[in-house]
Amino acid sequence: DVKVTQSSRYLVKRTGEKVFLECVQDMDHENMFWYRQDPGLGLRLIYFSYDVKMKEKGDIPEGYSVSREKKERFSLILESASTNQTSMYLCASSLIGFNEKLFFGSGTQLSVL
Amino acid sequence: QQQVKQSPQSLIVQKGGISIINCAYENTAFDYFPWYQQFPGKGPALLIAIRPDVSEKKEGRFTISFNKSAKQFSLHIMDSQPGDSATYFCAASPSGTYKYIFGTGTRLKVLA
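The listed protein sequences derive, respectively, from chains A and B. Note that our numbering has the first sequence beginning at 95, numbered continuously upward. Note that our numbering has the second sequence beginning at 11, numbered continuously upward.
BS3-like, lysine-lysine: derived pairs with alpha carbons at most 30 Å apart: (1) A:Lys195 to B:Lys119; (2) B:Lys109 to A:Lys164; (3) A:Lys195 to A:Lys151; (4) A:Lys195 to B:Lys78; (5) B:Lys81 to B:Lys68.
It is worth saying that the hints were derived from the structure and are not from the lab.
Chain A extracted, bound-state conformation (with noise of 0.2 Å):
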């Protein structure tokens, strides 16, 4: 069965803290996102990966970073941590090429104090 992995179902940081979120997938697959879900506003695309150590800038990757230093390893950065950054995120992966199917891990609920 496929699986996208995050280390942390629940996370508590301080402002200016930078945060690492992980996200580990065992299907071989050559795209890993990252979004971010808030209430009302839906999935928000922060940053996108389609090959090791590639990546490309989604609709809000401000105050982001991201590593993919491993095809199955995709981490998402927070340099300094805000409480507007006090969210849902959420890992996705999918096969390489357009309109495939995303598979999703659970999510990491991150609160900036």
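Starting from the structure of chain A, add chain B where the hints point.
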């Protein structure tokens, strides 16, 4: 122009009824329209998807209706069941990209 507008925000339906969720878009470059279903504590999962060369797609109790000229598409859930209670997101993908633009979501509750 990149937005996908989804309505209603929430929906309550009696068991056995029809649930209808609507989405509208403006960007004619969108060429793929999936619907995702999300249960509490879980990530979204693909439910059904359609391309603009067809007007309707049915999978079991779930049907997508697509109106290309009006730039609208909708999800119909026939014979709605309490187990269908979830949040539903429509989405659209611009041609030639890996990106998906998601709607704001509809929280569906089906009463037993």
